[in-house]
Amino acid sequence: DAGITQSPRHKVTETGTPVTLRCHQTENHRYMYWYRQDPGHGLRLIHYSYGVKDTDKGEVSDGYSVSRSKTEDFLLTLESATSSQTSVYFCAISGSGGNNEQFFGPGTRLTVL
Amino acid sequence: TQLLEQSPQFLSIQEGENLTVYCNSSSVFSSLQWYRQEPGEGPVLLVTVVTGGEVKKLKRLTFQFGDARKDSSLHITAAQPGDTGLYLCAGRPAGNKLTFGGGTRVLVKP
Chain R
364 DAGITQSPRH KVTETGTPVT LRCHQTENHR YMYWYRQDPG HGLRLIHYSY GVKDTDKGEV
424 SDGYSVSRSK TEDFLLTLES ATSSQTSVYF CAISGSGGNN EQFFGPGTRL TVL
Chain W
33 TQLLEQSPQF LSIQEGENLT VYCNSSSVFS SLQWYRQEPG EGPVLLVTVV TGGEVKKLKR
93 LTFQFGDARK DSSLHITAAQ PGDTGLYLCA GRPAGNKLTF GGGTRVLVKP
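First to last, the sequence lines map onto chains R and W.
Just so you know, we're using the numbering used here here: the first sequence kicks off at 364 and counts up by one.
Just so you know, we're using the numbering used here here: the second sequence kicks off at 33 and counts up by one.
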């Protein structure tokens with residue numbers, strides 16, 4: 364199994380508070396991704412990174428920011444959480460070359476009250 | 033935005049029956065992947081298909097990529113309760129991003 368961990372695994376927070384989710388990998392993969400998964404929507408890309416300090420937006424990036432200061436860590440921040448951001452968040456990694464096969468972390472269940 | 037439509041959204045069958053899940057798009061993909069996800073876990077890659085018309089078999093699972101590389105199917109023969117899960121297709125248009133379908137939830141009853 365690819366070495367990917369996410370923390371926290373569960374979080375309950377209140378509307379308007381900042382939240383940071385962490386993804387950590389031990390595979391030294393170049394690419395890292397943050398997705399959210401909601402019923403009926405499959406996985407939707409929030410942001411991704413193609414190297415240290417190199418990030419780009421996905422299809423649902425509004426209200427989210429990311430940072431990658433080290434190869435192994437990719438942080439997702441909700442500056443001011445809203446109830447619409449209640450979801451399960453998955454981090455994924457992939458290496459250079461190949462067909463972009465992605466390996467996923469175990470997910471973080473976030474509830475915004 | 034390139035969309036991938038999966039059908040059906042939900043499938044409930046008895047152990048031993050066969051099933052097929054479809055993944056369709058109007059866009060061409062350089063490759064297409066199938067993932068399976070169990071409750072409380074992240075998706076796990078099953079297979080990648082790259083060539084139009086390609087067929088890959090993984091035990092009782094058969095994956096096919098359409099000739100035009102716009103669609104794919106997953107066929108499970110003699111389904112077992114262990115096949116229960118959410119099946120996701122994901123297309124790679126270009127570069128290093130994937131577009132995911134909405135998923136097909138499969139329930140195999142003993």
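Because the hints were derived from the structure by calculation, they are not lab data.
Ideal Cβ placement from N, Cα and C applies to all residues, glycine included.
A portion of the hints provided could be inaccurate.
Partial list, computed: chain R residues near chain W (C-beta under 7 Å) [what the hints assert, rightly or not]: (1) His392; (2) Tyr394; (3) Tyr427; (4) Pro469; (5) Gly470.
Does the interface hint hold: is R:Gly470 within less than 7 Å of chain W, judged Cβ to Cβ?
holds (6 Å)
Taking the closest Cβ pair, is R:Tyr427 under 7 Å from chain W?
With Cβ-Cβ at 16 Å, over 7 Å, it is violated.
Let me know if the C-beta of R:His392 comes in closer than 7 Å to any C-beta of chain W, holds or violated.
Given a least distance of 11 Å, the restraint on R:His392 is violated.
Is the shortest C-beta separation between R:Pro469 and chain W less than 7 Å?
holds (6 Å)
Against chain W, run the beta carbon of R:Tyr394 and see if the smallest gap drops under 7 Å.
Interface hint status for R:Tyr394: holds (5 Å vs cutoff 7 Å).
The structure does not agree with the numbered hints 1, 3 stated previously, though it agrees with the rest.
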